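Participant: Below, each chain spelled out in residue letters.
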Amino acid sequence: MAGSFLSRESTIAPLDYPRILVPPAALAVHLAIGQAYAFSVFNLPLTKLIGIDHSAPGDWNIKEVVWTFSIAIAILGLSAALFGRWVERVGPRKSMFVAALCFGGGFIVAALGVHYHALLLVYFGYGVIGGCGLGIGYISPVSTLIKWFPDRPGLATGLAIMGFGGGALIASPLSVMLMEHFKTAASNGVLETFVTLGVIYFMFMMIGVYNVRVPAPGWKPAGWTPPAASPKLVTRAQVAVDQAWRTPQFWLLWVILCMNVTAGIGVIGQASPMIQEIFAGRVSATTAAAFVGLLSLFNMIGRFAWASTSDYIGRRNTYMIFFALGILLYFSVPSLGRAGSLPLFVAAFVIILSMYGGGFATIPAYLRDMFGTLHVGAIHGRLLTAWSVAGVLGPTLITYIRDYQLKNGVPKAQVYSLTMYIMCAFLLIGLICNICMRPVNPRYHHTGTESAS
Amino acid sequence: MKLKAVLLWLAVGLPLLWGVYKTLQNAMALF
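First to last, the sequence lines map onto chains A and B.
Per the numbering used here: the first sequence ends with 568, consecutive numbering throughout.
Per the numbering used here: the second sequence ends with 1221, consecutive numbering throughout.
The hints are simulated quantities; they were obtained by calculation from the structure and are not laboratory data.
Keep in mind that this is a model prediction, so the values were computed, not measured.
On the chain A side, residues computed to face chain B include the following (Cβ under 7 angstroms): (1) Pro133; (2) Ile135; (3) Leu136; (4) Pro139; (5) Leu142; (6) Ala143; (7) Gly281; (8) Leu284; (9) Ile285; (10) Pro288; (11) Ile322; (12) Thr402; (13) Ala405; (14) Leu409; (15) Leu412.
Coverage of chain B stretches by chain A, computed from C-beta distances (three or more under 8 angstroms per stretch; other residues unrestricted): (16) 1193-1202; (17) 1205-1213.
The list that follows gives simulated cross-link-like pairs (lysine-lysine, DSS-like), each with its CA atoms no further than 25 angstroms apart: (18) B:Lys1192 to A:Lys335; (19) B:Lys1194 to A:Lys335; (20) A:Lys527 to A:Lys178; (21) A:Lys298 to A:Lys163; (22) A:Lys178 to A:Lys163; (23) B:Lys1212 to A:Lys298; (24) A:Lys178 to A:Lys522; (25) A:Lys335 to A:Lys347.
Just so you know, even glycine gets a beta-carbon here, dropped at the ideal spot from N, CA and C.
I would like the entire structure built from these sequences, with the hints used as guidance.
Facilitator: Structural data, given as structure tokens:
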């Protein structure tokens, strides 16, 4: 019974089904898994499980705890790549259900790890099981949305992936509130918060499971006819996932995503100390936290705004803006810091973070333009390995360069200048790859009978 | 169907609006 409810066949919508019902289903999943970006609120409390208000002997240290998030992001990329084909085969409902089980269950297993004070169990629960929920949940609704919105694929995927950015805005204050609520003399509330979040997120993701639908074969939006002539970089052909990753276009897009994410993710991780050190004496820890919150907000807004814009100006032009404007802004940041212009400094970074989010949200539509809709979810899954690599590369590089310069006597306020110029170089690589993008060679086109719906 | 659409959008929109509100509330510290 449950098997049939979860099957792809039972999710096929009638021809008159209003497509406006589908984006909230996708948002329910992405808003939940977007919690990952707010996991850092647990870092300090996880180092005080024994001491409650302070780190006691036997408590975990911060360097051990932060691995939980890194493992989750690495597993996100790997599971998206590994399970992409499975997600395409079984459809969005079953894959969203598995994602909900993994993500909610991951919290419960991590709570057991907190209870038994076993860090490996926390890594396994949130990092591995939860990470699988992140990866499967991230790609589950993407190809479905692209098929429902052939006229506005950027808007559709931007809306869903905006949820991943928005999830942190909800999870951060919610987690803090829950930890305060559950805090007692014997517990700092992390265990109870993990259990509560596991249940809440499972139920929230079930909204998506119940309401997601795939369009019937041959369905198209009322009054919409595919344009007679497609732009040069929008294909009408289909490319299967096993062929797609053999094309140069896949690897160009892989580098494009990797460079865009590396440039943004390095800043996200260091935003708080960076603004405090560049504007020493003017920016407190509280103000720096506000800056980080603002970056998260624009990360979310950028996902929707840039992906929607890409429907009008084209995917390649959108990435041209990301890279060209990104280089300009990163290049100007050291000067803005030296000039002491806090508002302009903040403005530069919120635009940079909007383009970081926009890069994530526009890539599924770029893939659809290059490879068609047949296996776009699975191809997207494989492309997300670029995120895993960038997730390690960006923060490691920024931290390494910062430490190296500090050791060589560079003043704290200036240690980020070199980093910004290196980010410019990354964006330049992305820009060149984007310029090199050409339509896929027809020899890779799919000629089989597999349905694209 | 319209009621379902409204309820669904509210279910996902209200938590998101709350998150945005809390973020903006904190961001006021910057200005």
